[in-house]
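K.L.:
Listed here are the chains, written in short residue letters.
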Amino acid sequence: MDLATDLNAAFSALADPTRRAIVARLAQGEATVMELAEPFEMSQPAISQHLKVLERAGLVVHRVDGTKRPRRLAKAGIDAMDKWLAMLRKALEANYERLDTLLANMESRKKGEQ
Amino acid sequence: MSKMTLTTEGDTDVVVTRHFAAKPEALYRAHTEPALIQQWMLGPEGWTMPVCISEAKPGGKIRYEWTNGKKGFYLTGEYLEVNPYSRIVHVERMHLPDPTPDNHVETRFDPNGAGTLMTIRMTLPDAQTRAAMLATGMERGMEASYVRLEGILE
Numbered sequence: 000m001d002l003a004t005d006l007n008a009a010f011s012a013l014a015d016p017t018r019r020a021i022v023a024r025l026a027q028g029e030a031t032v033m034e035l036a037e038p039f040e041m042s043q044p045a046i047s048q049h050l051k052v053l054e055r056a057g058l059v060v061h062r063v064d065g066t067k068r069p070r071r072l073a074k075a076g077i078d079a080m081d082k083w084l085a086m087l088r089k090a091l092e093a094n095y096e097r098l099d100t101l102l103a104n105m106e107s108r109k110k111g112e113q
Numbered sequence: 000m001s002k003m004t005l006t007t008e009g010d011t012d013v014v015v016t017r018h019f020a021a022k023p024e025a026l027y028r029a030h031t032e033p034a035l036i037q038q039w040m041l042g043p044e045g046w047t048m049p050v051c052i053s054e055a056k057p058g059g060k061i062r063y064e065w066t067n068g069k070k071g072f073y074l075t076g077e078y079l080e081v082n083p084y085s086r087i088v089h090v091e092r093m094h095l096p097d098p099t100p101d102n103h104v105e106t107r108f109d110p111n112g113a114g115t116l117m118t119i120r121m122t123l124p125d126a127q128t129r130a131a132m133l134a135t136g137m138e139r140g141m142e143a144s145y146v147r148l149e150g151i152l153e
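Protein chains in written order, with numbering that gives the first Met the number 0: chain A, 0 to 113; chain B, 0 to 153.
A portion of the hints provided could be inaccurate.
Said to hold, decoys possible - Chain B residues, not near chain A, derived (Cβ > 10 Å throughout): (1) 62; (2) 67; (3) 75; (4) 91; (5) 103; (6) 110; (7) 116; (8) 120; (9) 122.
What the hints assert, rightly or not - Each computed DSSO-like pair below joins lysine-lysine, with the alpha-carbon atoms no more than 27 Å apart: (10) A:110 to B:22; (11) A:51 to A:74; (12) B:22 to A:89; (13) A:82 to B:69; (14) A:109 to B:22; (15) A:89 to B:69; (16) A:82 to B:70; (17) B:2 to A:89; (18) A:67 to A:51; (19) A:82 to B:2; (20) A:82 to A:51; (21) B:70 to A:89.
None of these hints come from the bench; they were simulated from the model. Beta carbons are placed, not taken as given, at the ideal position from N, Cα and C, and that holds for glycine.
Kindly produce the complete structure, drawing on both the sequences and the hints.
P.N.:
Given below as structure tokens:
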């Protein structure tokens with residue numbers, strides 16, 4: 000998968016409020032499906048479905064611990080989103096810095112006319 | 000000067016705020032007059048806006064075309080409400096080249112100290128569209144209407 004496909008899957012996965020809440024919980028540390036299901040009024044299979052979407056999107060990984068499959072955030076996936084957002088943010092801020100300059104020029108021209 | 004803020008609200012909205020030293024009238028003109036828009040609404044280095052149509056009246060057309068010399072894309076839209084110099088409501092869509100779902104945008108310019116607080120509220124049709132917008136990678140940061148990771152995780 001290329002970067003754009005990865006990012007598309009990641010942002011789509013996070014369009015769902017339950018999955019955002021799961022990611023927020025995992026940001027505090029590893030958790031089992033049972034622990035993740037607890038705060039939600041949802042069955043464990045329903046939570047497992049959400050986790051599958053997050054894993055496919057590259058945002059969550061699991062390890063095997065006996066019969067448990069504890070989940071944690073996938074650093075690479077989160078970092079990729081973070082970098083992408085930082086880049087877009089920079090492009091928008093560049094626009095507004097240009098706008099600051101333009102507005103200052105408009106102001107000084109107006110003063111010059113007076 | 001306070002820096003820009005970007006947050007998501009509910010399932011469909013993205014809100015951007017930024018303070019400017021200039022008065023609301025100047026901000027309004029810079030957002031509605033083609034000769035001014037073409038000087039700043041450009042995104043990353045190397046991009047220009049050779050075509051800019053902006054008819055700032057209800058029902059007026061919007062068309063912005065960007066190019067970096069090799070590739071280009073464009074945006075079309077319509078003005079819905081225009082209140083000089085405080086508020087603009089319009090819809091817009093990117094053509095990449097297929098049109099993206101309509102983005103409903105309210106832009107406010109409120110006096111703030113000696114300057115202006117600009118607040119842009121973008122409303123997308125649904126959560127999926129907002130997510131897709133964040134991921135599509137518009138060259139022009141505005142339409143991408145990204146949020147910081149904290150915003151998404153909230």
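K.L.:
For every hint, state whether the structure bears it out.
P.N.:
Each hint, compared with the structure:
1. The Cβ of residue 62 (chain B) lies farther than 10 Å from every Cβ of chain A, with a closest approach of about 18 Å, so its non-interface assignment holds.
2. The claim that residue 67 (chain B) lies off the interface holds: its Cβ sits roughly 12 Å from the closest Cβ of chain A, which is beyond the 10 Å cut-off.
3. The Cβ of residue 75 (chain B) sits about 19 Å from the closest Cβ of chain A, beyond the 10 Å cut-off, so the non-interface label holds.
4. The claim that residue 91 (chain B) lies off the interface holds: its Cβ sits roughly 15 Å from the closest Cβ of chain A, which is beyond the 10 Å cut-off.
5. Distance check on residue 103 (chain B): its Cβ is at least 18 Å (rounded) from any Cβ of chain A, clearing the 10 Å threshold; non-interface status holds.
6. Every CB of chain A lies more than 10 Å from the CB of residue 110 (chain B), the least distance being 15 Å, so the non-interface label holds.
7. Listed as a non-interface residue, residue 116 (chain B) keeps its Cβ farther than 10 Å from every Cβ of chain A; the least gap is roughly 13 Å.
8. Separation of residue 120 (chain B) from chain A is adequate, the least Cβ-Cβ distance of about 15 Å exceeding the 10 Å criterion.
9. Separation of residue 122 (chain B) from chain A is adequate, the least Cβ-Cβ distance of about 15 Å exceeding the 10 Å criterion.
10. For a cut-off of 27 Å, the pair hint linking residue 110 (chain A) to residue 22 (chain B) stands: about 14 Å separates their Cα positions.
11. For the hint pairing residue 51 (chain A) with residue 74 (chain A), the CA-to-CA distance comes to about 17 Å; that is within 27 Å, so the pair holds.
12. Between residue 22 (chain B) and residue 89 (chain A) the alpha-carbon distance is near 24 Å, which keeps this suggested pair within the 27 Å criterion.
13. At most 27 Å may separate the alpha-carbon atoms for a hinted pair to count; residue 82 (chain A) and residue 69 (chain B) meet this at roughly 25 Å.
14. Straight-line distance between C-alpha atoms of residue 109 (chain A) and residue 22 (chain B) comes to about 12 Å, which keeps the hinted pair within the 27 Å bound.
15. Our distance criterion of 27 Å between C-alpha atoms is met by residue 89 (chain A) and residue 69 (chain B), whose separation comes to about 22 Å.
16. For the given pair, residue 82 (chain A) sits about 24 Å from residue 70 (chain B) by alpha-carbon distance, which is consistent with the 27 Å threshold.
17. Using a Cα cut-off of 27 Å, the hinted pair residue 2 (chain B) and residue 89 (chain A) holds, with the two alpha carbons roughly 12 Å apart.
18. Straight-line distance between C-alpha atoms of residue 67 (chain A) and residue 51 (chain A) comes to about 15 Å, which keeps the hinted pair within the 27 Å bound.
19. Restraint check: the Cα-Cα separation between residue 82 (chain A) and residue 2 (chain B) comes to about 19 Å, which is no more than 27 Å; the hinted pair holds.
20. Note on residue 82 (chain A) and residue 51 (chain A): the hinted pairing holds, with a Cα-Cα distance of about 24 Å set against a maximum of 27 Å.
21. A hinted pair counts as satisfied when its Cα atoms are at most 27 Å apart, and residue 70 (chain B) with residue 89 (chain A) qualifies at roughly 21 Å.
Against the hints set out earlier in the document, no violation occurs for any number.
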